[in-house]
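Since the structure of chain W is provided, determine the placement of chain Y on it from the hints.
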Amino acid sequence: MVSVYVKGLVLGALLIIASMASLWILDKQRINVISEQMQQMSWEMEDSRLFLNYLESMHGDKNAQCTIMKHRIIQQVEKADMLARKIDAYRNSNVFSPDYYAIKKTFIYKDFELFLQFKKLRDECNESVNYIIYFYAENDPDHSACPDCGVQASILDTVRNKCRNTWVFALPYNTDIDLVKVIEKQYNIQKVPALVINGERVYQGLTEADEIEKNIDCGENPLE
Amino acid sequence: MRLRTVAGVLVFSLFVFFSIALFTYFNPYWIFTISSTIFVTQAAIFLVALEETDTKDPKPKRYPSLTIIVPAYNAADTIEKSLRHILAMEYPKKFKVIVIDDGSTDGTYEKIKKFKGITIIRNKKNMGKAVSLNKVLKKVKTELVANIDSDTYPSKDALMKMVGYFNDPKVGAVTVLILPSKPRNFLQKIQEFEYYVAFGFWHKSISSLRSLYVTPGPMTIYRTKAVKEVGGFDEGNITEDMEIALALQEKGWKIECCVNTKVYTEVPHTLRSYFRQRIRWYRGKIFNGLKYKHLIFNKFYGQFGMFVFPVTFIVEFLSMVVLIGFITINSKRFILDAKQFIATIMHNAFRVEFLMNIDPLAWPPYLVFLVLTLLLWGYLLYVSMRFDRRKPKITEIPYILFYLILYSFFITFSYTMSFFHELKGSRKVW
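Chains as they are written, first to last, in this note's numbering: chain W, 1 to 224; chain Y, 1 to 430.
One should not assume that every hint holds.
Claimed, not checked - Below, simulated DSS-like cross-link-like pairs (lysine-lysine); rule was C-alpha separation at most 27 Å, straight line: (1) W:Lys181 / W:Lys105; (2) W:Lys7 / Y:Lys156; (3) Y:Lys93 / Y:Lys124; (4) Y:Lys61 / Y:Lys81; (5) Y:Lys116 / Y:Lys156; (6) W:Lys7 / Y:Lys56; (7) Y:Lys254 / W:Lys7.
By construction, these hints were calculated from the structure, which means they are not laboratory data. Keep in mind the model is a prediction, meaning the values are calculated, not measured.
Just chain W, same shape as in the assembly (with noise of 0.2 Å):
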């Protein structure tokens, strides 16, 4: 007869096991979420700029151009921002540690492209729409590395959320993706947090809302 210990013993462990088995299929179901919208980052972001080409190609109005890369740009990077938070929302729920690093350097690559147009819609089509490059700690979910990164983050959304055409790129500070390490050369980054206000006024160090705000012409949300 098998004794009550083992069965017991037997049961227990299938239990733990269901449970780590669970958190496992967790796992891989945030990256699977993650790739999926990624993708379908990339795709858009091909469609824009192939579309963008074409227009130009066919030596068409200018204006006409602006209002419709205006309306998919900010869509985009609206998206964008929501899938920032969900990496590191999920990287902080991550259990069996994924290499979320990866994913986080591929997602600043597009995001950075995303800049880029997004610019272009500030600079050539004269768009009121505002930017604002932040630059934080990487890796820091308990912001030992940078105690005031949480702080300035809240504050920028409190701005975003009262001057809603400012959007904000954010960008990992001394890591080894060299397109950020030139831009931090550029503008003489030393610390984070530190803000690029529409490519001009640059702050180190926690600054606050009312000090961003007189640098931005807060307005409404373009597309609303």
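Positioned in the frame of chain W, the structure of chain Y alone reads:
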């Protein structure tokens, strides 16, 4: 300040420090996983033990002579109802009822005097429950002796259902399912579900492993020979009902549990009285554990000594460590940078928090263990309530959920307080 107090506070602080350090330097998920594994495996073993036991009460071959002792101290509110229920219990032989008024000052004696057919003993001043019981025990000549508390209301069939276990001459005591009497407020309703699981599931399954280590005060029937053999009740012990059970286990007596009937007892309805009771229980457990430490990991005492008895202490100790760790993780940010924490709350406009609320994939992973706990303990509750053929009402679901999810924090918190008080040797309060 006494040396014991200082030493106790020091040891407790070291313990807390060790727990915090554990959670700071190791990945907390591994600690949660290991402790969950231990808790779940313990429950799984007891669950299997219960499933393999026949929970039907044995039919009594004979009906031994019985004395019921009712110690009463300032029980004027409850003694009449208690005695009415006791005298209404069915039993083919006439059983003696001896009520001891242990120096009551609230008119308990006057209430007891109203009853006929009972023996009343009156102590001039309060001597304590164990002393009172032992005093009467000397005169008990019946084969069985029962202790019923003065705030306990046994069912009519309690004796008939419990006496059959004494067919086995090795049985030294029989316990029973205990439930709160007329639970009214939130605290009492929660305790109702707790008592189902504690006195239903846990006691029945542990007794099937011959490892029951407490004979609860509200109602237990003992074999007189067994009680006398261990020298009666431990005077001055704040949980003499646990001490005598351990003494019986030490001498090799069996302790059985009947779950097909129930007795009702008054339970605390204020937080203050609740914590007072629990601290007394858990301090008593620690004290008795130390007194009987020679049973732990002692092969002579079989599965009781090698597994059940030590494991309850290990589990309780571990749950304290986990509780401290849980608080540590969630307050680390707050402690390290209060400004950051406040700012995060203040600027919470669009934050990730809202994502967390609606996207299950963003929820913290330890929720999986919470679900596991819910399911497992829910099942234990279901099994326990089935003994009583009790079906929960829809309105009781919030209480059940609170019990399953949050109550263990409560208990572990009480246990931590008890650990602290016992370490520093605080004055004992009833």
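(message) Hint by hint, where does the structure go against what was stated? Just the numbers, ascending.
(response) 2, 3 and 4
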